Amino acid sequence: MLPSTLALIDDDHLFVETLSRFLGEQGIRVSSYGDGADLLASADPYGFEFYVADLMMPSVDGITLIDVLRRRTSAGILVVSGRLASDTFKQIVKAGGDMYLAKPAQFEQILVAIEAVQRRAGAGEAMKK
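Counting from 0, one number per residue, gives the positions in the sequence shown under numbering that gives the first Met the number 0.
Everything labelled a hint here was simulated from the structure, so no lab data went into it. It cannot be assumed that every hint is accurate.
Per label pair, the in silico range of CB-to-CB distance [to be verified]:
#1 THR17 - GLU114: 16 to 26 Å
#2 ARG70 - SER30: 12 to 22 Å
#3 ARG70 - ARG119: 12 to 22 Å
Note that the coordinates shown come from a computational prediction; the quantities given were computed from them, not determined experimentally. All residues carry an ideal CB built from backbone N, CA and C; glycine is no exception.
Please take these sequences and the hints and turn them into a complete structure.
Put into structure tokens, the structure is as follows:
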């Protein structure tokens, strides 16, 4: 199951443009932001069904963004980043991220990761009922 709305937060404009187009072709409405601060300053930063974020951005980095988002939403959060430090995954999970893919990631891999996070979220909700 794919989300109907997705926020894409990354300062790599070519990546954002091409991934937005690809996800749009899958039926997802994508809103893109060049930085975590841009998303947080938007009209409804917590109203998306899913978030795809980079870690290394100019003002609000990905770890801080994930932490802020997780306090307000249970939406899926996928990190796609070139940052490969040994503690990166631990930081992402501790902040509340659901999955991490290293750049360069193929768009099909990103789509499968989104579906996997959504499927787990759906299973969790079903178990609560």
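Here is how each hint holds up against the structure:
no., hint, verdict
1, THR17 - GLU114: 16 to 26 Å, "holds, 19 Å"
2, ARG70 - SER30: 12 to 22 Å, "holds, 20 Å"
3, ARG70 - ARG119: 12 to 22 Å, "holds, 20 Å"
Violation of the numbered hints given earlier is absent; every hint is satisfied by the structure.
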